[in-house]
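Line by line, the protein sequences give chains A and B. Sequential numbering from 1 applies to the first sequence in our numbering. Sequential numbering from 1 applies to the second sequence in our numbering.
Please keep in mind that the hints were generated in silico from the structure rather than gathered at the bench. For every residue, glycine included, the Cβ atom is placed at its ideal position computed from N, Cα and C. Relax, there's no trap hidden among the hints.
With beta-carbon atoms standing in for the labels, derived distance ranges:
#1 A:161 to B:130: 28 to 34 Å
#2 B:420 to A:325: 50 to 56 Å
#3 B:339 to A:378: 28 to 34 Å
#4 A:40 to B:205: 50 to 56 Å
#5 B:26 to A:161: 35 to 41 Å
#6 B:129 to A:238: 56 to 62 Å
#7 B:307 to A:325: 29 to 35 Å
Spelled out, the chains give:
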Amino acid sequence: MAALASADIVVIGAGIVGALVARRLAQQGASVLILEAGPRLDRGRIVAAFRHSPFKGNWMAPYPPSPWAPHPIYVPRDNGYLKQAGPYPYPAEYIRAVGGTTWHWAAQAWRLVPNDMRIKSLYGVGVDWPLSYEELDPWYQEAEEILGVAGADNTGSPRQKPFPMKPVAEPWAMHRVRERLAGVYPVVANTVARNSRGYDGRPACVGNNSCQPICPINAQYLGINAVEAAEAAGAKVIPNAVVYRIEHDVQGRIAAVHYYAPDKSEHRVTGKTFILAANGIESPKLLLLSASSKYPNGLANRSGAVGRHLMDHPSTSLTFYADEEIWLGRGPQSPSSINTLRDGAFRSQHAPYRLDFTNISQVLNVTNDLIKEGVYGAAFAKQLRWRAARQINVKNVLEVLPNPDNRITLSSEKDAMGIPKPEAHYAIDAYTRRGAEVSKADFARIAELMGGTGLRYSAEGSFANNQHITGTLSMGNDPATSVVDAFGRSHDHENLFVCGTGVMPTAATMNSTLTAVALALRTAEHILPAKQAVVANAAGDREAGLA
Amino acid sequence: MNAPLRYLVLLGLLVAVLAQAADNPDATLLRRGQYLATASDCVACHTSPGGKPYAGGLSIATPVGNIVSTNITPSKTAGIGHYTEAQFSDALRHGIRADGKHLYPAMPYTAYAQLTDADVQAMYAYFMHDVAPVDTAPAPTRLAFPFNVRLLMASWNWLFLDDQPFKPDPGKSAEWNRGAFLVRGPAHCSTCHTPRNLLMAEQSSRELAGGAVGTWFAPNITSDATSGIGNWGTQQLVDYLKSGHASGKGQAAGPMAEAVDNSLRHLTDADLQAIAAYLKTVPPRHDPADTRAVDRWGGPSAEPDVARTALPGDADTMSGAQVYDAYCASCHQARGEGSFDGGLPPLFHNTATGRTHTDNLVMVILDGIRWHTDDSGVHMPGFAHELSDRQIATLGNWLLQHYGNPAATVSVKQVRTLRTGGAAPHLVLLARLAMAAIVLLLIFAATWLMRRRKRHAAKTF
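So here's chain B without its partners, still in its complex pose:
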């Protein structure tokens, strides 16, 4: 190699190294981005079962149809590799993609709007550098008219999106402010736990008072002592968020088990303390149906005759005590008292049996409790393949009578509906949603006309 060429090569190498250095954000920023991405649980929706992290493809059932999550890996062809930081911010906090189209609020950008510019910068750095690109794009979301008109979301955002980042309340402690930021922002608790209005927007006046998540119900987690978590100690809340289990209270199942598994258990103890501190101050929302704290029902009991009564030939005519004895008692024990100091939890003094709303009880019997990212895996096996709708209804009612809230009930129809994926969006609901869409269209048209008139007026002067 001659000298000039050697210099050229060296120069080239130098440029490459420098470019890389400039392109490599510092480790602290990346770690912060990763932590926020974990706290935001992006992976939960943006990964399909068994798929690669953040490559999208999960089909999320919503009342307007199935919304398929997108690839948010830094792939330039299939993901968000071509996004600028500003475009990333727009998507994350304002629900607007790089191509200018609107996202559906299945993406909780109304919560992520609380993130600060510095947060977004860190998350952008993390996604661009530390996430492995995946060059395959999932099938696009296809909703029926009128919901496929993404522009409708502009009016929706105009009505419902508060796009100001979190502003600490100087009157509150640093811990409270940290908790409020996490709960309202990245952890997006309200996405599931706050009830939604006719237009599917969160009813901010009823923050964390309980909402539907597919076939599951995200319970009231306001500070109400009876309906919410007001009688939980801070440490019990932290235990729950860290392990999915709080002794004498309840355990995370369904989407909450997923949130603990993917996200919450990875947060620092200080952050979990902050979340607990904030939750304890959320204005109480009391449900008059809750006449006693949801974790204070029932006590140990057994039906001794169960061992002396032969099982009927037809499994559907088994008594609740018989189903319990055959399928549940090995772990939850003969008197419902659980074992391993609550590791296999008691069924009394347990939110699972204390609520008037019993969908979660049915769902946990059907699906069990599964974690995906740690070795513990199956915390409770599901019985969908072993028990019939009637057996589950019989069992559910027996559990409620013996260990839980005796005013609550489970019906065969309810089990059948939940087993098959929840209530089908029936015509009334669809009609309502269509009306909502039309309202949004009208608002959009009105806004557009007003703006046009203003511009017109401006021109005349």
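Bound-form chain A, shown alone:
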């Protein structure tokens, strides 16, 4: 076994959440070590890979998995890393690399609505969160200020202070959709970690429209920005460190973590406090992998809840042609949505949802359709132009309720390092399906308002995945039913904290990253409080300086 490494704080996972926790703790003076299973990536190579790829719609193409830290790939075929036990597939995508999955996100950085955190009390479904929206509000704010979040006034999520910046310029297509839906549906600029002005040394969005493969100019906040900020604060990152076991002592405190280097040499890292931030699938996998004679069901798993309550945001959609040229594809990929259906008494009956308009160029989709239809020559050119100019897609983003049978387990199959692969057990329940059914009326109304023709609903019973992996490490006050407490501390191991979207006990209808970051910053504060006086003074000075 190689030489010992040690730190006050050992963070597993160098994604946006792990890195921002590391940054905050390093700023407080702690020594921080971040272990990342995947390699360090280079923006230029990702951009080049995207520019050169003939498959512009395959957003995972620029991120080939490393042999030692594989991640799921489905195109052109399933690489078999995330095993599917069914009955419904859970084809999650994520990136194991320094910077994590936000290398290629849409940068939607939403807050929940307050009622999202009390659906058991209010609607008799799901569970309540162990903390209130009001408690989370200042952490949302801190997260928004770090990420540089642009947002509109009327999102439906209350706030005490303004957004760091105004919404990103509205693309023409969204402008038209907003105008034509006015009075029936308010179409609002999405809340995004994307610059509408220069912020923190990063430029404003200029509309490359490649957010989800890669933002080539760093106008949207990425996990790698968080990693660099953590390093600037003094944290150290060890890439290609595939953690395969968390070790506890006789009292049940975490003593060390063990990782493989790509050559499968074994390394042991000790620390005082451990933070597991390896995402909603890899984190529970690691806890289950670390089972011992004292903890035969895995660590932090007295409740048996580790890996359970797997959620996402399934989507169904409608594609149609508007009666005017709107030309999707200019500006960010995901600029606007309808947010009035996120909450209501109906939540006792069916899933709430958000309605999200895509702004991805339709040229590729339309080309594929035309080839499939056998259209050639002059008709092809004419049709391509006509359809690409008019095609619109609107999808719902549905809530899924926590269900213990939806879960991540260890597969009997192993990866190249000999580590069991994760296995997804998943089903979409009647609550979510009813929500999808109700939303069809909204789809139809939207098409009507846009003068829509050629309406194509997504296949009946078919739901797209949105890669918002939640629930598998749920927080709660009761150690018998939850994995961590309201601060992310494991009920079973005093010095083990879990951060990430997995700790969210319900999924609500909003993209999960901002909530995960806010919760994680709150965890960091709980571990090592910030020197408030200093921070307050510095902020005061800054404001005065600007005045």
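Once you've looked at the hints, dock chain B against the given chain A.
This is chain B only, laid out in the frame that chain A set:
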């Protein structure tokens, strides 16, 4: 309250109100002062990054060492609140502080000397009334001997300071005179754009022919059509000064972006027109190395093979086309043609790639272009953290070959030097400067002796 006391209080109030009225200069004067302070870009040097306006503390690298800007807020303890108007004028136009000590010409008082008495009165009023006092003083400037002998500057001023305010040339138009006043005076263009002699004084015979500003180079802006701005239209010059960008010409970066951001874009269109009109008449200075106008090089081109060639494992061995494709082409496009009608500028027909002097090209790749006072912020991201010295040299040479002046080159050593803050003042330079200081000392001694002898002679008679 009894009656007499009431009267006393009323009287007191009246006196206070009157005193305040007398103390409150009229708004026109204040606005004029503010405009001149903006045109003079005082804030650029007298504000530290993230600090309060005019509170000083910015460390300015000069060949003789770092000079720290002072607090020029009206604080009576840390700033210039105790200055009389005459003392303010002396500092601004003659380089002499209230305590009688000399300023270093990092403060461009040789340019501000052009300001008239009325200008100084307005600026004084503005600084005393409209600038918020800040009661903290930055650390004082500490230069090594002999440069710490401020008295040396007396001889320097005797040699180089023309302390006469601007006198309009009756033979020229009002617009030309306004432009000449702004360029030579408040806007202090020559501070950066005029080359300096061995004693760090501007070579007035080579006005605006180009000079060094730290790691950047302030280019030739004389009316020469090849090396300068002679082939720029007046409107292109105005656009550049107003937005930092002139289509088909170039864009402001580094200290010039700062000057546009802090100062020039706030000037009236008439003043910018006047500046342009004057610049177009500055005697041309031609650099024989410039065989073609610096904004006329190159054209659109691409290397189609770049998409078919796998990237090497070692980033330092990437070709110029590969670095360009990965880091630049998303904005500047595959053929270097830019986008948004020049909003993301083309790299050919661009002064950034047309000069034989390539420090600015390297600096803009390292630092990008940032504005601080408006919402646009980052006009171009910097690549100092993403690209190695070798990658930047490879890229720079490729850009010059494809889009710019093919005779120009970028070396790895040059990138390394600029990345680390520019050429260190090596021994030869230091020795030269020390010699210069000794020369100044001798001149000072000679002047003093001559004056003494004169006084002595006067006494004998």
